[in-house]
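Take these sequences, add in the hints, and give me the full structure.
Chains A and B, in that order, give the protein sequences. Per the working numbering, the first sequence starts with residue 147, numbered consecutively. Per the working numbering, the second sequence starts with residue 147, numbered consecutively.
In short, the hints are calculated from the structure, not lab data. Don't take every hint at face value.
Since the list can't tell identical chains apart, any single copy or any two copies may satisfy a pair.
Said to hold, decoys possible - Restricting the straight-line Cα-Cα distance to at most 27 Å, the calculated cross-link-like pairs of lysine-lysine (DSS-like) are: (1) K376 / K256; (2) K234 / K277; (3) K371 / K169; (4) K321 / K153; (5) K169 / K256; (6) K391 / K371; (7) K371 / K153; (8) K277 / K153; (9) K321 / K234; (10) K169 / K153; (11) K391 / K324; (12) K342 / K234; (13) K153 / K391; (14) K391 / K169; (15) K209 / K321.
Everything numeric in this text was worked out from a predicted model, so none of it was measured.
Protein chains: 2
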Amino acid sequence: MEKNYIKAAVIVIGDEILSGRTKDTNSNTIALFLAPFGIQLKEIRVIGDDETMIIETINHLRKTYNYVFTTGGIGPTHDDITADCVAKAFDVAIDVRDDAVEMMLNRYSKEDLTPARLRMARIPYGASLIKNPVSWAPGFQMENVFTMAGVPNIMRAMLEDIAPRLEAGRIIISKNIKADNLKEGDIAIPFGEIAKEYHELSFGSYPWFNGNGYGAQLVVRGFDKELVNKGVASVLSMLEDLGLKPIVE
Amino acid sequence: MEKNYIKAAVIVIGDEILSGRTKDTNSNTIALFLAPFGIQLKEIRVIGDDETMIIETINHLRKTYNYVFTTGGIGPTHDDITADCVAKAFDVAIDVRDDAVEMMLNRYSKEDLTPARLRMARIPYGASLIKNPVSWAPGFQMENVFTMAGVPNIMRAMLEDIAPRLEAGRIIISKNIKADNLKEGDIAIPFGEIAKEYHELSFGSYPWFNGNGYGAQLVVRGFDKELVNKGVASVLSMLEDLGLKPIVE
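Right, here's the structure in full:
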C-alpha cells in the first residue's frame, strides 16, 4: 500500500528532549494532524542543538519526503539555531524581515523589539511566514520544510496556519480491534495468513501487559473502506473462533 | 563539552507510533535511564515496520554511537520483523535458541510453545539474551545494539537487565533555573555572554506559555560540579538584576 502516499518526516530539535528533561509531544500532535490529509508520517528524528546535525538532517529528509516539519530552536537565545540552519541547508541568506517584525508588533512595542527579540524575525531568504497567534514570533515555510516553535501550544497554533498549504493524499482508513485475554502467539499464524490474503491492507498487532491482565489490539489499515471492512470481518471471525470477545473501535 | 561522552541512539520501531495511534514513551524512559550512567542520548529515530529502513538505520547508528537501543517489533506476529532485521544488519544467521526457549518456559508450557511463539525465541547468531521477567520472551544484545520489546513495562524490565552491561561515562550535572514572567528576549544577550564565558558548560533556555502566564527554564549542564555551580550563580545574578525571582531545581 505504498503508492498514492504523500510522505512526511518530523525533526524534533532540542537537547532537552534527548536529556529526558522534556517529553516530546509535538511529533504525536503532528502525526494525528496529518492523518486526515492523507499524509503519512514515515519518520521522526529527535536531534540536539547541533548545527551540522540539523543541517544534514534537514537536507536528507527534505529530499526524501514530500514534507518536513521541524519543531524547536527558533527562540531568541544563543541555543536557538534552527532558522540559521535552515538557511544554510538551502544555501540562502537570512536576515530580519519587515513582515515578521510587523507580526511581532502584535505583542511587543517597538521599544521592546530589542536586537535579541529581532533574532526571531530573521527569516531565510525566500521563505513564507507561519503565523503564531500565541507569542507572535513567526515560523516559516521554506519550500517543503515547515519550521515551527517547540512550545507545544504555539506549535499547534502554527499547524492551523499550515493546513491550507498542504496537498492532500489518499486518506488511510484505520480500524482497531481490541481483545482482552488475546495472546498474540495464539493468532500469529492465522493473522499472518489474513495479512497475506489482503495484501493491499496493512495489519498490525499491539499487545499489552499490565497489573489487570493482558490482551492485544489488532489494527487494519488501507485506502479502500470496503476492503478494510472485509479485513476486519476476517479478523473478528478468527478471534471469535478462539472464544474471544473482540471490540471494534 | 563533547569529549568524554559515551553516546547512544534509540530506534523506536513501529507503524503505530508514526500513525499517532500510540504515543512513544520508551525513548524518554531510556533517556532518563542512561543519564546516571553518563551515557548521552544523541539521537532518537522513530521508523515504521519496514525491513530496508530498519536495517539501514541500525547499521548507520551502530557505527556512529557507542550504544544503540531498539524498541518494538519482537513479538510473534507477521509485523514483528526486528530480530530478522538485526540479523541481516550484522549479516549473521538467526534461529530458535535453546536458552531463549528455556526462558519462555517460565510462562508457557511446552505444548503452548507453538511455532508462532517460538518465533520469539529466534535469536541472531552471537547475541546474548536480555531477560524479560514480564512476558518471558527475551530481548537480545548483539555487540553494541540492544533489542528490546515495545511494550513499555516490558522494556523497562529489560533495561534493568542491561544496566550491568553498560560502560559508564562521565556524568553530566544539570541544574534547572525556573523563572516566572521571564521573557527570553530580555535575557538572550547577557545569557549568551554567560554561555560564551563558561564555554565548558552548556546553557539552554526553554520558554513556556499557557493560560496562567509565561516564563522560562534555564538549564546549566556540565561535567564539573563547581563550574556548574558558578554558571548557575552567574545566571541567578543576571535574573535577579532584572527583578525576577528564580528558583533552582
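Evaluation of the provided hints:
1. Proximity of K376 to K256 under the C-alpha cut-off of 27 Å is found in neither arrangement, the shortest distances being 62 Å within a copy and 35 Å between copies.
2. In the homo-oligomer, the alpha carbons of K234 and K277 lie at most 27 Å apart inside one protomer (23 Å), although the nearest pairing across protomers, at 46 Å, exceeds that limit.
3. Only between protomers do K371 and K169 lie at most 27 Å apart by alpha-carbon distance; the minimum there is 25 Å, versus 35 Å within a single protomer.
4. In the homo-oligomer, the alpha carbons of K321 and K153 lie at most 27 Å apart inside one protomer (21 Å), although the nearest pairing across protomers, at 39 Å, exceeds that limit.
5. Proximity of K169 to K256 under the C-alpha cut-off of 27 Å is found in neither arrangement, the shortest distances being 35 Å within a copy and 42 Å between copies.
6. Proximity of K391 and K371 under a CA criterion of 27 Å is satisfied intra-copy only: 23 Å inside one chain copy versus 58 Å between copies.
7. When the C-alpha separation of K371 and K153 is checked against a cutoff of 27 Å, the pair qualifies only within one copy, where the shortest distance is 21 Å, while the shortest distance between copies is 45 Å.
8. Taking CA atoms no more than 27 Å apart as the test, K277 paired with K153 passes inside one copy only; the shortest distance there is 24 Å, against 37 Å between copies.
9. In this assembly of identical chains, the alpha carbons of K321 and K234 never lie at most 27 Å apart, being 43 Å within a copy and 32 Å across copies at closest.
10. In this assembly of identical chains, the alpha carbons of K169 and K153 lie at most 27 Å apart whether taken from the same copy (25 Å) or from different copies (20 Å).
11. Taking identical chains as interchangeable, the C-alpha atoms of K391 and K324 lie at most 27 Å apart only when both belong to the same chain, with a minimum of 9 Å there against 50 Å between chains.
12. Taking the closest pair of Cα atoms, K342 and K234 come within 27 Å of each other only across two copies (23 Å); inside a single copy the shortest separation is 46 Å, beyond that limit.
13. In this assembly of identical chains, K153 and K391 lie within 27 Å of each other by CA distance neither inside one copy nor across copies; the values are 36 Å within and 46 Å between.
14. When the C-alpha separation of K391 and K169 is checked against a cutoff of 27 Å, the pair qualifies only between copies, where the shortest distance is 26 Å, while the shortest distance within a copy is 35 Å.
15. For the homomeric pair K209 and K321, neither the shortest alpha-carbon distance inside one copy (32 Å) nor that between copies (39 Å) is at most 27 Å.
When held up to the earlier numbered hints, the structure conflicts with 1, 5, 9, 13 and 15 and fits the remainder.
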